[in-house]
Every structure is written in structure tokens, then in C-alpha cells.
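**Q** Sequence:
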Amino acid sequence: GYTDSVGNDEYNLKLSKRRADAVAKYIANAGVAKSRMTVEGFGEASPRFDNATKEGQAKNRRVEIGVSANKQMIEDAKAQAN
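Residue numbers (my numbering): 1 to 82.
In short, the hints are calculated from the structure, not lab data. A hint or two may mislead.
Claimed, not checked - When the alpha-carbon atoms are kept at most 20 Å apart in a straight line, the in silico SDA-like pairs for lysine to any residue are as follows:
| id | residue 1 | residue 2 |
| --- | --- | --- |
| 1 | K34 | A69 |
| 2 | K17 | A69 |
| 3 | K59 | A28 |
| 4 | K17 | F42 |
| 5 | K25 | S5 |
Remember, predicted model here, so these are calculated numbers, not experimental data.
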């Protein structure tokens with residue numbers, strides 16, 4: 001999870017972790033095992049938008065989700081494609 005630049009670093013780091021935890025909980029409730037997730041909070045690091053504007057700040061309050069496949073999943077997908 002990430003935050004905008006408003007607030008101090010320690011608060012933003014904790015807030016970003018809580019934000020990411022909330023999304024992970026939602027995904028877990030949808031049936032994805034928590035053991036398949038990694039949850040991290042990065043605070044205000046790596047802004048994607050301009051923190052000098054309200055719109056940019058709002059967009060920087062985000063969670064990013066990455067999806068990857070293990071070797072078996074890749075092999076299964078290749079087999080289905082053939």
C-alpha cells in the first residue's frame with residue numbers, strides 16, 4: 001500500500017500497511033488463501049502522481065496488486081493452448 005505525502009513518515013508507513021491489509025482481507029474473503037499473498041506498506045515512497053495537487057494526492061493513496069503464476073500453472077496454460 002501507499003499514501004500521499006500528507007502526514008509524517010511513520011504515520012504514513014503504518015497507514016499504507018493498514019490499507020494493504022484491508023485489500024488483502026477483501027481478497028481473502030473472496031477465496032484466495034492468505035498464504036498466497038504478500039502484504040507490504042511503503043508509505044509515501046514512489047508516488048505515481050503529483051503530491052502538490054489534491055487530485056494527485058488522492059491517486060497516490062493506492063494499493064498495487066501483482067499476480068504471478070507458478071511453474072505448474074504455466075505448464076497447464078500451455079497444455080490448454082495446444
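**Q** Does the structure break any of the earlier hints, and which numbers would those be?
**A** 2, 3 and 5
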